[in-house]
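Student: Following the hints, complete the assembly by docking chain B onto the known chain A.
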Amino acid sequence: MVQKKKLEANSLGKYFVIFILPALVIYLVFSILPFLYTVFYSFTDYTDMNPINLSFVGIKNYLKVFQTPMMLTAIKNSVIYAILLTFFQTVLGLPLAVLLNKKLKTRNLLRAVFFFPAVFSSLIIGYLWNFIMSSSDFGLINNLLHQLGFGTFNFFQANNALYSVILTQIWQWTGWAMVIYLANLQSISPELYEAADIDGASGLKKFFYVTLPLMCPSVKIIVVTGLIGGMKVFDIIYSMTSGGPGNSTQTVMTVMMKKGISDGFYSTGAAFGVCFFIIVLAISAVVTKLMGKWSEAIQ
Amino acid sequence: MNKKLVSTILCSAMAAGMVLGTGTAAFASEGEKTKIRMTYWNSEDTVQALLDYLAENVPDVEIEYQFIDNSNYDTIVDTQLSAGEGPDIICESPGSSLKHARLGYLEPLNDLGALYSDAGTSVYSYDGSVYALPGISWFEGIYFNKQIFTDNNIELPTTFDEYIQVCKKFQELGITPLAAGLKSWEPMLKNSMAFVAAEYLSTEEGKSFGEQYRNGEVTLDGTWNTYLEKWSEMITEGVYTTDMTGIDHDQALEQFASGDAAMFCSGPWDLEAITSKNPDLQIDMMPFYGTTTSAGWLIGGPGCGFAVNANSANKEAAMKIVEALSSVEGQAALWENNQGGSSYLEGASFELPEAYTSAAPALDAGNVYCPWNEWGAGAPAHETYGTEMQSYLLGEQDLSATLQNVDVAVQELLEK
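If you read the protein sequences in the order shown, they are chains A and B. Be aware that the first sequence starts at 52, since it is given in the working numbering, and climbs by one per residue. Be aware that the second sequence starts at 88, since it is given in the working numbering, and climbs by one per residue.
Okay, chain A solo, but in the shape it has when bound (with noise of 0.2 Å):
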């Protein structure tokens, strides 16, 4: 009688191959092929007029990215609204989770309602908040304030509409972060507390001592995730600005869209898209070069 060889984890020889096979298939030809794609047309002069018969241009789409004001502007703000956005949800998001991390009484139910505006889309969320931030009579908040002996307060502005696009954001947002870090929180072991108790640490000191360098992995995932999601922004602006008033809310997915898509310059679209790529890989390899160096601190 033969017997069967037993397949080890790290030896599944062919076997890896036909597993790996269907996944890396649909990885290639659904992110690097088009990526590829994205670069080769970024060189080339494809416009919806000019669908057919491209010409190579050489980095004639990469200036003109550099010279478009509207795309500049667009960089900024969405590095802003990343930068802004993982800054909060990082500093509201653990203290939030460290008091619900405590025995109350409404633990659960107030863990349910910071999560509660997460659950829902941005769309949704941007046309209520539209509302509530209307300057109109029917706006929540200036109604309130009406009611107050104040003044209207336009939250649409040119200098203030992406803060206000942010704050929305934070509200919607920081509850999933709390969320990452409880689950963080609950695989602490209670001993080092105990351990930080016996030798009469405080509260505070407990908390920097102990709970922070151990949210370490988590903290990375909000942080990365945050940054890169943050730099992808589009429904929550199309729903609340539109990119407006002005420009002065666009984004690149925003002016992607308008001028990649929409307006049909397809090569600057993707001549913006590699810049963004770029920006995007940069600043995830600076986050994960700082996160390493705190892991590496910690141990």
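Heads up, a few of these hints could be off.
Here are the simulated DSSO-like pairs of lysine-lysine, each with C-alpha atoms no more than 30 Å apart in a straight line [stated by the list, open to error]:
hint, chain 1, residue 1, chain 2, residue 2
1, A, Lys257, A, Lys153
2, A, Lys344, A, Lys283
3, A, Lys156, A, Lys111
4, B, Lys503, B, Lys122
5, A, Lys340, A, Lys283
6, A, Lys111, A, Lys127
7, B, Lys503, A, Lys115
8, A, Lys111, A, Lys283
9, B, Lys503, A, Lys127
10, A, Lys111, B, Lys503
11, B, Lys503, A, Lys283
12, B, Lys120, B, Lys503
Just so you know, these hints were derived from the structure itself, not from any lab. It should be emphasised that the depicted structure is a prediction, and the values quoted were computed from it without experimental measurement.
Tutor: Chain B in isolation, oriented as in the chain A frame:
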């Protein structure tokens, strides 16, 4: 052996099924309707009466209506057409019809086009041929609350200066003169362009501006400045305020419908929403005015043109549909869900609903004009004009810079 037998029976059954299936389909196709696809950026209820009319009068053609949201319409249709596919009948804006005609995606419709007035077909013409048949015109004017005007003994204005005076009177009475959702780029675009149309584009001097502009011979900056500086009284006199950039279209409509504002700029598409919110509202529409007394001007034109896909496999059926549309009855069916607009088909005229009584002189005079329809491939830059006007309102830039930015956007599109 058994397995082989079962396999043979199953294979035979499948083969027989395929043959029978094909046979049935071939047999059924003889009496079947030809199915064609039509796309439009307005929902089906805006053309329901037309679809019913076509179903009755062209019984051998079945229309599959496809609504595509306006924000994605051009992208989706462009992609389909560039792949040699796409809808059989395409509702085209003047700008997109020009683009698609240049790329050879559309079938010339010269014979049917001759049945329509030049005002309707000129914006769908390219290289001497008509590529889309104009639908019912759209227009935008100033809805006003008749009750507020009457209660405060305020006469309707007949010039721009009178209009500003009326607005000031309302302000003194503590009434918002004009509800405007300036979060959108559209209100200031239309309002200011209507003024330029009245003051310049309708004059002998300005009539050829559109053509010259699309040929790159003139620019907005240096030509429109004088008129827009005068129009800027809308801003300096506080009719348009910076706070309005925090109000969207629906909120402004609500403000007007609830009687909190005396006027609101919009068109027939909002009438039902306004009256359903406040059935007691006495509403009428006045046109936009220039500095001299006139019948006034409305912003508008042939918004949707019906075009036939040159690569359609059912071109004959699609032609039957556009033929049926080009009859007085067909236009009446189209008008049914678009009341207020007018038809460009010779001999087709319809009664104007009461809500547009004060706009009737402008409509009768043919003073309905959409300046950016004349910009050719640069037409999509009208959105840039609207957003740049927002920046101008907020004091981010002066008028000259505003117009220069639009000129750059138009030039970029024209050079594409």
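Student: Hint by hint, say whether it matches the structure.
Tutor: Each hint tested on the structure:
1. A:Lys257 <-> A:Lys153: holds (14 Å)
2. A:Lys344 <-> A:Lys283: holds (26 Å)
3. A:Lys156 <-> A:Lys111: violated (63 Å)
4. B:Lys503 <-> B:Lys122: Violated: B:Lys503 and B:Lys122 sit about 36 Å apart, past 30 Å.
5. A:Lys340 <-> A:Lys283: holds (21 Å)
6. A:Lys111 <-> A:Lys127: holds (22 Å)
7. B:Lys503 <-> A:Lys115: holds (14 Å)
8. A:Lys111 <-> A:Lys283: Holds, at roughly 24 Å.
9. B:Lys503 <-> A:Lys127: holds (27 Å)
10. A:Lys111 <-> B:Lys503: Distance ~14 Å between A:Lys111 and B:Lys503 Cα, so the pair holds.
11. B:Lys503 <-> A:Lys283: It holds: about 27 Å lies between the C-alpha atoms, which stays within 30 Å.
12. B:Lys120 <-> B:Lys503: Measuring from Cα to Cα gives roughly 41 Å; hence the hint is violated.
Checked against the numbered hints given earlier, this structure breaks hints 3, 4, 12; the rest are met.
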